[in-house]
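Peer 1: Quick note on numbering: UniProt numbering labels position 149 of the sequence shown as 149, and the sequence is numbered without any gaps.
Only pairs whose alpha carbons sit at most 30 angstroms apart, straight line, appear in this in silico DSS-like list of lysine-lysine:
hint, residue 1, residue 2
1, Lys191, Lys227
2, Lys191, Lys124
3, Lys206, Lys191
4, Lys80, Lys101
5, Lys227, Lys44
6, Lys80, Lys191
7, Lys80, Lys124
8, Lys206, Lys227
9, Lys101, Lys124
10, Lys206, Lys101
11, Lys191, Lys44
Calculated directly from the structure, the hints in this document are not laboratory data. Note that this is a predicted model, so its numbers are computed, not measured.
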Amino acid sequence: MSDRPRVLLVGATGLIGRCVIYALLQRNEWNLAALCRREAPLPKGVHMEMRIADPLQWPEVIARTAPDSIICALGTTWTKAGRSEAEFRSVDQDMVLNVAKAACAAGARQFIVISSAGADARSKNFYLRVKGEVEQTLNRLNFQRIDCIRPGLLRGARSPERRFGERLAISLSPLSDLFCRGFARRYHSIKGEQVAHAALQLTCEKEAGRFVHEYDAICRQARNFEK
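Whole structure, please, built from the sequences with the hints as guidance.
Peer 2: In structure tokens form, the structure reads like this:
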């Protein structure tokens, strides 16, 4: 159907990106395409376009796609980045902002970014500071609507290089979540599929502005998707 929202997913091979694609098995109301650096297998029953290109060519691909909304799930890990701040920034900051600027130039209405609980440009924690700086820059771009999704610890099947500490944190999350009350509730662990469902649901929102979604708001959007 031509009136389905045109959504471009960037970062389709990570946990959230894969969950967005699998969500189409539940509801196929989006005209979804994915922009990737490498080919990713699609689950049986999902019909969507995969656009493979070098990141230097992404602005051109985004312009041709002319999406209504972008879901940006790009991100690396400290280990994958070789424990290099510059390498980490090259993906989680530079690549994200390059996609956002290209989408803005292409006339996209909405930009949805998967950020992190605790994101703060003034944070002493490098990871949270980068996420906060990205949000800060995004908010200055000329989108009608920007949604920053800030999940806590993500639960779900990731690639095998997941660190021991991260695996341990996930196994202990049912206990640690008991202490996530009040201000700390934003750090409550959450399933990757809930975040993906929330991101897709947010593409249906028409109100203009800049919005931040933490644990309770993410869960609420995910429930709306699952109704």
